[in-house]
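Make the complex out of the two chains shown on their own, each in a separate frame, by following the hints.
For reference, the chains in residue letters:
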Amino acid sequence: MGPLATVMLVLLGILAVIVLYAVSIYNTLVTLRNQFKNAFSQIDVQLKRRYDLIPNLVETAKAYMKHEREALEAVIAARNQAAASEKRAAATPGNAGAMEGLAGAEMALSGALGRFFALAEAYPELKANQTMMQLSEELTSTENRIAFARQSFNDAVTAYNTSSELFPASIVASSFGFTQARLLASVTAEQQAPRVSFS
Amino acid sequence: MVLFGLAVCGVALAVYLAAATIRLWLFMDVAAAPGLWQPELFFWTTAGTLFFVSAASFFKMHELRDGGAGIAAALGGRIFSPQTSDSKELQLRNVVEEMAIASGVPVPDLYLLDRERGINAFAAGHDLNDAAICVTRGALELLSRDELQGVVAHEFSHILNGDMLLNLRLIGWLNGILVVSQGGEVIFRGLRRSTGRGAGALLVVASVLYCIGYIGYFFGEMIKSAVSRQREYLADASAVQFTRNPCGLSGALKKIGGLATGSLLDHPRGAELSHMLFGSGLERAWLRALDSHPPLEERIRRLEPRFDGTYPKVQPLPVPEAVPYVMRRPKANPEPAAGLSVLAVTRLLEQVGEPMQEHLELARRLLAGLPGSLVAASRDPFGACALVYGLLLDTDPEVRNRQEHLVETHDSRAVAGELLSLIPALDRLDPQVRLPLLDLSLPALRCLSRDQFGRLKETTGALSAADGRESLFEFTLRYLLLRHLESRFDPRPSKPVQIYGVRGVRKECSCVLTTLARLGHREEHAARSAFARGVLVLQEPKADFLFLPSAECGRRSLERAFAALEGSSPQIKRRLLAACLECIVHDRMVKVEELELFRAIADALGCPVPPWLDCSK
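One line per chain: the protein sequences are A and B, in this order. Heads up: the first sequence is residues 1 to 199, going by our numbering. Heads up: the second sequence is residues 1 to 617, going by our numbering.
Hints were generated in silico from the structure; no laboratory data involved. Keep in mind the model is a prediction, meaning the values are calculated, not measured. Keep in mind that a hint or two might mislead.
As the list claims (entries may be wrong) - One-sided excerpt, in silico: chain B residues whose CB lies under 7 Å from chain A:
1) Phe58
2) Ala73
3) Ile79
4) Ser81
5) Ala414
6) Cys447
7) Ser449
8) Gln452
9) Asp544
Claimed, not checked - Cβ-to-Cβ under 8 Å is the rule here; a few derived chain B residues that face chain A:
10) Gly70
11) Tyr210
12) Glu298
13) Arg302
14) Pro381
15) Gly417
16) Leu448
17) Asp451
18) Glu470
We treat Cβ as the ideally placed atom computed from N, Cα and C, and that holds for glycine.
In isolation and in its complexed conformation, chain B is listed as follows (with noise of 0.2 Å):
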């Protein structure tokens, strides 16, 4: 950002040295020749340089302000379909489906770069929930399971840093420096044609403008290279953190090297997303400093020092290659089966954005172990849009009957039939399972239309106040599915930062903490203890949090804390969450509704939760 900001004043310094000299120069024989200093120039030429890099920034922005999908699609990518019939594609599909649940992100969307061969990925969007994945066809095909998994791995270490976002403002940034240049270059062009008095002057305007903007572009490319370079080796290294498995991503990256095509994309737009693949997407640069990843021996150094440098000779597509896939067995599960354990959830909060092996293997078991109806219902739209409703159906048969026909007058026909004979599976399902299963359903989701979208909204408000009122279940069930799809429909910007101190957001707080206490303690009095023990984390006077009453924290007022906790800083969003945690295990019990709520405010806050590990039996 500082560097950023240099660099802009040294463009707009250079402009106005520049206009300068030339005006100098063009007064030599007046007598009343103007000094160096020229106030008035000065300002004209930086509200000039200033106007034209903010517009070509904004402009750029807006541009990519699509996220992930539609940089994906800029590239060539398809969509992943889920009925696909491809053995290596529905592997794919499945790491990630794993990765994300074992993360606790919402599954993103998949891309396949059909026609690239080499072997490259990368993940684009601006938040959590409008990230996308795309593989290339070469990586479908060349690299085995694990090698697959370390690649996935990667990226979503990228998704879960934030440097998603970095990536898209350094090339929004980078795209208004550049524009100087361009400048000077459309003036040459125009220059080429015409021949007059100011022409003299015009060529040396422009081609001043070239160089500044070649340079302000230039070092640009440095600084962005440095940054991605440095975020590869960390996204290298938490990708191994996450599968525990260093061979997987040291294979990959070998395969790169043994590859002729390497990781090169064939895309004209290759170049601009360069440092967002997964391996350098360009020939290696003229200058080290220039390159946006580190050398690929280096990279596979730091994950395996006795590295000698001899790559695998790999065969190029279309000759398939046949690596099995050696099933890894799952360690035995040294967590006692019954209950949560409050230990594991204490450790939640070390969890947040760091999936661990643990977890990889959990989600694997839980995927393996959902109903095969359900998760077949979970990757379409209309079959996803009836498993969110069999979410919402209540126990009472009554009630549910009501439900039932509301989805018939909401919706449509066929959906309540869908629903229907998904509800065998459901009622069988284990409650643990239900906020994964939102998950899964998410890619389906984001291919309705704006008016399915409409009817979903309304279908599942319905359903929620059949009862009479909207149990926690569903409020959070419903939070996070508009959540993330919302983004979707009318994309908002993430909002900036600008809470500091947790006074600023005493009430929100109050309201959180509240919630979690009554929902996890029946008696006022051991829910106000609760209440105090969360408030004695925030390490801030225990005078500004007040025990509300139920009638204060609703589900709207919920709601309305969540909107604003989102832009405060990531220390008091730590605090928070350590003292919600604190509050549920207060009483040494933990019910699964309370994680789900915990589960929702982190995910409220953009820090998601991976599931809790004993939840395998």
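Pulled out of the complex, with its shape left as it was, chain A reads as follows (with noise of 0.2 Å):
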């Protein structure tokens, strides 16, 4: 064999090592992403059923609170709001604007249904309702179970975007698509300051 086959070969086989190497990392990429999109079906499943409580809740406090319309109606409408952001978020989970929209939207349907409890804490014989205690019970368990599944949807995004963001990986992502996906940010109720007003 001349010197020059030798070389060939040589290369030949360097590059057959990298592109081996290239696959791996690219099949480890779809691994983590698919991961990711599961663990968003996780919160998805538990928005819904919060999604399916809220009205519930509504209707049973309906027949006590005749007098605020106004707070009860802004809850069905942040509800409808964050149920049409989550159906958006859950065709692209990871997607940053589809993640603000549904952090945005969870937001306000926290807020707004703080502010409906703290108007509930009037009115002592719905408080006192049975179905009404069960509802918030049930809410209550839903919320903890949704930042649960979110805790595990966000170390999985974060896993997918360090393997993508490190070198070699990096080139592979770029030139296939690889996006980085964004985190779904909390909001949790320590976070949210209760707003007082004295008018």
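In structure tokens form, the structure reads like this:
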């Protein structure tokens, strides 16, 4: 074998190794992307459950809170808004716009619900209502689940983002369209300062 | 394995012969032409072929490393979501859970192929820990519950018989052979553009490579199909054995025959997985020896000898078919209700990997008898964490208080709150369903993120150590939990068989048997005699096995023993499990704790045991 052929063979070998390596990176990225998409479906399930609970809650409260129509309507409006952005987010989990829209809508919904519960404090019969107690208990439990699922989703997104940013995976990621995914910002009760007005 | 080796050797030899001939032809006019036997050339061609074949095989196996979930996702599968309101999906989930509990296997991940209209299903994964079952929308909508059960039982038989691993290996190896012909193809394509001096020789090389590779692939495909066809018959037979209802499976097969699209898959990667499917995923091959599945009619005939070959007309989707499911009345339980019968326990060994219809009935009753709040909790990751913590709670109120506090500090307040809501149901729980509950929670727990899994691991550790010592149940639960989940977070290849004689693992056997004997017998001498009975079953010189002091069979050494025993041959495992059972029934009294530990041992050895039959009261 001539020296040229040897060099060619060695180069061919190196090239083969590089290609194999790139393909394995590609596969890892696909796996991670599927993982965070599946993680979003966990949030999705709980969000839907929450959107189903809220109309029941409002329906129950209507009988007692006759003078708070505005607050009740605000809750329903916020719920519809959130449900719409949830649908968008479920179609493209990790998409920056969709995630921010969902986080914003969720924040508005939490705010409306917070005001609703603050108002409900003034109606002792409502608070003692069995259905109402059950519903609000279920709502709390669902919110806990959402928080938990969001944690899992964010961890999965972080894992995906980190491995697509690292060199040399970043080359594969940018050439095959693995865009950065956006975390779902949290709207926990602690972060929301209660708004007090004396008007 | 041998066939594969022969195939590779054949390919290597063929490559060499081709190279030698080409070289001869090139040097034809030169006086000093080399002979046909050229050791140097032989070495290079063989090394090259071996290198490419093994690299390609290795690479494919690496790609398939993700196990069942990865393959299901590759085909466009959607993971089953527990809160779905689709009644058909819920029915499928129930069928799978019943089958899993009945065979003592952790509930596998469930995937749905929404876009596939044909009737098909497959099971994939390396071992029981990362198994996934995938069902097409067509199967879901068109099959009745009994037929679906038949299909799921068929897939479970693939899981229990280790066919998945076999299939994955076959794919990997075949890819190795296939790469030779692909190499030829690549050179062809490269040649189209270049015209030069070496082009003619290269063209010959390419076509020779292509032919050799294709011949290799052809024979490989034949091997694969032959293996696959036999496994299909086996799985059909086992499915009938599990469900005791040949009509379900044959009904499903007939519907495939009656449906225009049959069992065909649309997905482009369907061909690669053809031999893992329930029904053939491809059009009939032009050669019968290349079919991955036996002909439908033949399969039905084996289940129903009087089948006349006419298939029922099946309306394809989207018109949903309404087949009402008639509940079979559960048989009266002939076993005495009180206590665990010794007879049932001694039969456990025959049932490893072979759940019977009675187990299915039992599983259905078990699942129906579980408190709804616990079942609901086991189905989402958040609730499943709380449930696992709940199973570890102590009966002593003071310790329990401390444990609740631990959950709050190690995990989160929300989980602690969820745990509090589960406590009433947990307190009323029959101890025998604790491990089945764990099995039920595993699919949800697999959805945890890495950090959340780390917290779960840490918290369960803290909880079991809260009362100052780790009880055997706590050890068992935690061992099973980590064993089934760790493979999800850092997959390790399954251990190859390395130990073929019981003497190679005599210390480990002693450790396991001593622990079991001490668990079942309070007095030292009774434990000793139970141990001796167990050793007798091992059929080895008695002197090899020592009854260890309790300090030497702690949790740590038990864990180490399990790890070592995993790599022992099936015969050793069988004998050891028999010895364990002997040890348990020695005093004619079977405790729940003993059976739980036995399940953990069997699980550690990779031999799932169905739940003991007479635990239904």
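Now the hints, each set against the structure:
At a threshold of 7 Å, the smallest CB-CB gap from phenylalanine 58 (chain B) to chain A is about 9 Å, leaving the interface hint violated. For alanine 73 (chain B), the suggested interface contact is upheld, since its CB lies about 5 Å from the closest CB of chain A, less than 7 Å. The criterion of a C-beta within 7 Å of any C-beta in chain A is met by isoleucine 79 (chain B), whose closest approach is roughly 5 Å, and the hint holds. Taking 7 Å as the C-beta contact cut-off toward chain A, the hint placing serine 81 (chain B) at the interface holds, the least distance being around 5 Å.
At about 4 Å, the closest approach between the beta carbon of alanine 414 (chain B) and any beta carbon in chain A falls short of 7 Å, and the interface hint on this residue holds. Taking 7 Å as the C-beta contact cut-off toward chain A, the hint placing cysteine 447 (chain B) at the interface holds, the least distance being around 6 Å. For serine 449 (chain B), the interface hint holds, since its Cβ comes within 7 Å of a Cβ in chain A; the closest pair sits about 3 Å apart. Taking 7 Å as the C-beta contact cut-off toward chain A, the hint placing glutamine 452 (chain B) at the interface holds, the least distance being around 6 Å.
At about 46 Å, the closest approach between the beta carbon of aspartate 544 (chain B) and any beta carbon in chain A exceeds 7 Å, and the interface hint on this residue is violated. Because the closest C-beta pair between glycine 70 (chain B) and chain A is about 6 Å apart, less than 8 Å, the hint holds. Hint status for tyrosine 210 (chain B) relative to chain A: violated, with the closest Cβ pair at about 18 Å, above 8 Å. Contact between glutamate 298 (chain B) and chain A, as hinted, is not supported at the beta carbon level, the nearest pair being about 38 Å apart and thus beyond 8 Å.
Annotation: interface hint on arginine 302 (chain B) violated; nearest CB of chain A at approximately 38 Å, more than 8 Å. Against a cut-off of 8 Å between C-beta atoms, the interface hint on proline 381 (chain B) holds, since the closest Cβ of chain A lies about 7 Å away. At a threshold of 8 Å, the smallest CB-CB gap from glycine 417 (chain B) to chain A is about 7 Å, leaving the interface hint in force. Satisfaction of the interface hint for leucine 448 (chain B) is found here, the shortest Cβ-Cβ separation to chain A being roughly 6 Å, below the 8 Å cut-off.
Annotation: interface hint on aspartate 451 (chain B) holds; nearest CB of chain A at approximately 5 Å, less than 8 Å. Against a cut-off of 8 Å between C-beta atoms, the interface hint on glutamate 470 (chain B) is violated, since the closest Cβ of chain A lies about 27 Å away.
Hint check: violations occur at hints 1, 9, 11, 12, 13, 18; the rest are consistent with the structure.
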